[in-house]
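Could you slot chain B onto chain E? The hints should help.
Now for the letters of each chain:
There are 2 protein chains.
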Amino acid sequence: MQTKQDIATTWFRSLRDQICSSYEALEPKRARFERTVWQKEDGRGGGEISLMKGEVFEKVGVNISTVHGEFSEKFRHEIPGAATNPRYWAAGISLVAHPRSPFVPAAHFNTRMIVIGDGARLWFGGGGDLNPMGHPVAKDTADFHAAFQQACDPFDAHFYPHFKAWCDEYFYIPHRQRARGEGGIFYDYLGLHSLGAETTAVDPGQFGKGGAGKEHTRAGMLVAADAALDWEGCFAFTQKVGEAFRDIYPALVARHLSESWTAEDETRLLKYRGQYAEYNLLYDRGTRFGLMTGGNPEAILMSLPPRAEWL
Amino acid sequence: MQTKQDIATTWFRSLRDQICSSYEALEPKRARFERTVWQKEDGRGGGEISLMKGEVFEKVGVNISTVHGEFSEKFRHEIPGAATNPRYWAAGISLVAHPRSPFVPAAHFNTRMIVIGDGARLWFGGGGDLNPMGHPVAKDTADFHAAFQQACDPFDAHFYPHFKAWCDEYFYIPHRQRARGEGGIFYDYLGLHSLGAETTAVDPGQFGKGGAGKEHTRAGMLVAADAALDWEGCFAFTQKVGEAFRDIYPALVARHLSESWTAEDETRLLKYRGQYAEYNLLYDRGTRFGLMTGGNPEAILMSLPPRAEWL
Numbered sequence: 425m426q427t428k429q430d431i432a433t434t435w436f437r438s439l440r441d442q443i444c445s446s447y448e449a450l451e452p453k454r455a456r457f458e459r460t461v462w463q464k465e466d467g468r469g470g471g472e473i474s475l476m477k478g479e480v481f482e483k484v485g486v487n488i489s490t491v492h493g494e495f496s497e498k499f500r501h502e503i504p505g506a507a508t509n510p511r512y513w514a515a516g517i518s519l520v521a522h523p524r525s526p527f528v529p530a531a532h533f534n535t536r537m538i539v540i541g542d543g544a545r546l547w548f549g550g551g552g553d554l555n556p557m558g559h560p561v562a563k564d565t566a567d568f569h570a571a572f573q574q575a576c577d578p579f580d581a582h583f584y585p586h587f588k589a590w591c592d593e594y595f596y597i598p599h600r601q602r603a604r605g606e607g608g609i610f611y612d613y614l615g616l617h618s619l620g621a622e623t624t625a626v627d628p629g630q631f632g633k634g635g636a637g638k639e640h641t642r643a644g645m646l647v648a649a650d651a652a653l654d655w656e657g658c659f660a661f662t663q664k665v666g667e668a669f670r671d672i673y674p675a676l677v678a679r680h681l682s683e684s685w686t687a688e689d690e691t692r693l694l695k696y697r698g699q700y701a702e703y704n705l706l707y708d709r710g711t712r713f714g715l716m717t718g719g720n721p722e723a724i725l726m727s728l729p730p731r732a733e734w735l
Numbered sequence: 425m426q427t428k429q430d431i432a433t434t435w436f437r438s439l440r441d442q443i444c445s446s447y448e449a450l451e452p453k454r455a456r457f458e459r460t461v462w463q464k465e466d467g468r469g470g471g472e473i474s475l476m477k478g479e480v481f482e483k484v485g486v487n488i489s490t491v492h493g494e495f496s497e498k499f500r501h502e503i504p505g506a507a508t509n510p511r512y513w514a515a516g517i518s519l520v521a522h523p524r525s526p527f528v529p530a531a532h533f534n535t536r537m538i539v540i541g542d543g544a545r546l547w548f549g550g551g552g553d554l555n556p557m558g559h560p561v562a563k564d565t566a567d568f569h570a571a572f573q574q575a576c577d578p579f580d581a582h583f584y585p586h587f588k589a590w591c592d593e594y595f596y597i598p599h600r601q602r603a604r605g606e607g608g609i610f611y612d613y614l615g616l617h618s619l620g621a622e623t624t625a626v627d628p629g630q631f632g633k634g635g636a637g638k639e640h641t642r643a644g645m646l647v648a649a650d651a652a653l654d655w656e657g658c659f660a661f662t663q664k665v666g667e668a669f670r671d672i673y674p675a676l677v678a679r680h681l682s683e684s685w686t687a688e689d690e691t692r693l694l695k696y697r698g699q700y701a702e703y704n705l706l707y708d709r710g711t712r713f714g715l716m717t718g719g720n721p722e723a724i725l726m727s728l729p730p731r732a733e734w735l
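Quick note, the sequences are listed as chains E and B, same order.
Heads up: the first sequence is residues 425 to 735, going by the working numbering.
Heads up: the second sequence is residues 425 to 735, going by the working numbering.
Accuracy of the hints is not assured; some may be wrong.
Copies of one chain are not kept apart here, so a pair can be met inside one copy or by any two copies together.
Mimicking DSBU-like on lysine-lysine, the simulated pairs with C-alpha atoms at most 35 angstroms apart in a straight line are [unchecked claim]:
| # | residue 1 | residue 2 |
| --- | --- | --- |
| 1 | Lys695 | Lys428 |
| 2 | Lys477 | Lys498 |
| 3 | Lys588 | Lys498 |
| 4 | Lys695 | Lys453 |
| 5 | Lys428 | Lys464 |
| 6 | Lys477 | Lys464 |
| 7 | Lys464 | Lys563 |
| 8 | Lys428 | Lys563 |
| 9 | Lys453 | Lys428 |
| 10 | Lys664 | Lys695 |
| 11 | Lys498 | Lys563 |
| 12 | Lys563 | Lys664 |
| 13 | Lys588 | Lys464 |
Everything labelled a hint here was simulated from the structure, so no lab data went into it.
Since the structure is predicted, the reported quantities are computational estimates derived from the model, not experimental observations.
Looking at chain E on its own, in the form it has when it is part of the complex (with noise of 0.2 angstroms):
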């Protein structure tokens, strides 16, 4: 019988396989991705980075990974149910697309099931967000929401409207007061509450205290949010939000394939994508929690710029 980490897994490879396909066939020069498999040192899983340097994407990485393991000391206490069983299971895709010209947006999703303390705790997470490198376009901004509102509104309409706003807020650059981009969607959490073998003594101040700014206080209106749904419902919801994603992105890169730039485009990319990197490194709770708990650095920084300038 196949497990609830088997299906999820099985779908994050399959996403992956159709993301892909779609954005080689952008390319102009037959560029392709390529793949390289890594496993973590303690050989408890491991993943596959995707990664094509082509004409319309500069740099485009897709990785999943399926890991397991226990917490250190150190994040145990920041992590729901795993202070009692710090064992985690942990599988998803990320991606981040740079594209060369200017005038196509960048663009970062990932969709994520985690599993802590031997299905104690069980919840999805995950999102996508556009990010425009110094020329947003507002049919794209506007498209981009819209095919995820679709997705959201099925199964909640509380979920857009806070998945937004909570894509707002951890895309923030406080340094430089500026978003990120022009947002998207971001949850994480769903299903804290209404899946697992424990599912009364979770407090919300008790976890997120780790992360950006008051991600606590939305998680905590989430899991009121998401009471309603089974496994089946947060997976069924998980998976819309990545096909929406798969159909709508390259729908926006090919929108602007044709539109020519000038080096004062260029360096306004180049300088914007110096921010995206500072918000990775500063900010991003992925990355920072990826690298100080070992994981892989080379997936982990796919999602770092090809070119950046401080200039």
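Okay, now just chain B, sitting in the frame of chain E:
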């Protein structure tokens, strides 16, 4: 009468002027530093950014600043003496040089004087490290270290080995499992035990916890080593460190000015610069501390390389 604060501030400015002049003298096309004066939003001090973009130095920044205020609740427990009285005064000079040639080493230097709680605690910190971008030269490294050793030895035979080891520990990039560069010296809390109104109640284990790795251990060793130095001694040492860097670094730059480079050397340079940026954004205590406490991002992020690659 000049206060200690005045004396130190005047010296930081004077060192800045000397350094900028000597770097301008290396520029064949008469590039010059441009100066930007800034003030803290609360009006409590500010600084001057001196930035040059030239032929030899693709980007070199020299900041001086003199600021005061109160540490936030969050930070005051990480700063010796600040829990009792969170007022601080801080002045210093900070420099990062990113030469254009892959064969001219980059470098970082800073020194600072800190006063906590209206004089209850007072110390100096600083150091410098050499960062060849993929092309280290043994003689450059040896001469850079020798210059600092000459500055250190007349004060205390323990200083150079301690401060060299502290530098190696501090400028290590864990996720890359490599040093950021060829090292130099790094010191902090110099005078913490011998200066200030309250000299008895300092437990080195109480602070440094917010920093990288084992700094508080080393700080403990330093506190013992510096017990013989009064304020004049600590300041004289800091001056000698500044003069050592002022003299040795342009000499190293000058050695490599006639060397040409290939596209391959350039790529190696840009990739090393990427790792340099990773270090500064992920680990550097000064960068994170400055940004998290509302410092001037332009001054703090002056350290980032002009161009970098993650391809």
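Now for the hints, and whether the structure bears them out:
{"no.": "1", "hint": "Lys695 x Lys428", "result": "neither (43 angstroms within a copy, 41 angstroms between copies)"}
{"no.": "2", "hint": "Lys477 x Lys498", "result": "neither (37 angstroms within a copy, 43 angstroms between copies)"}
{"no.": "3", "hint": "Lys588 x Lys498", "result": "both (31 angstroms within a copy, 29 angstroms between copies)"}
{"no.": "4", "hint": "Lys695 x Lys453", "result": "both (27 angstroms within a copy, 26 angstroms between copies)"}
{"no.": "5", "hint": "Lys428 x Lys464", "result": "within (22 angstroms within a copy, 54 angstroms between copies)"}
{"no.": "6", "hint": "Lys477 x Lys464", "result": "within (25 angstroms within a copy, 43 angstroms between copies)"}
{"no.": "7", "hint": "Lys464 x Lys563", "result": "neither (42 angstroms within a copy, 39 angstroms between copies)"}
{"no.": "8", "hint": "Lys428 x Lys563", "result": "neither (38 angstroms within a copy, 60 angstroms between copies)"}
{"no.": "9", "hint": "Lys453 x Lys428", "result": "neither (40 angstroms within a copy, 66 angstroms between copies)"}
{"no.": "10", "hint": "Lys664 x Lys695", "result": "within (34 angstroms within a copy, 38 angstroms between copies)"}
{"no.": "11", "hint": "Lys498 x Lys563", "result": "neither (44 angstroms within a copy, 42 angstroms between copies)"}
{"no.": "12", "hint": "Lys563 x Lys664", "result": "within (22 angstroms within a copy, 60 angstroms between copies)"}
{"no.": "13", "hint": "Lys588 x Lys464", "result": "both (34 angstroms within a copy, 33 angstroms between copies)"}
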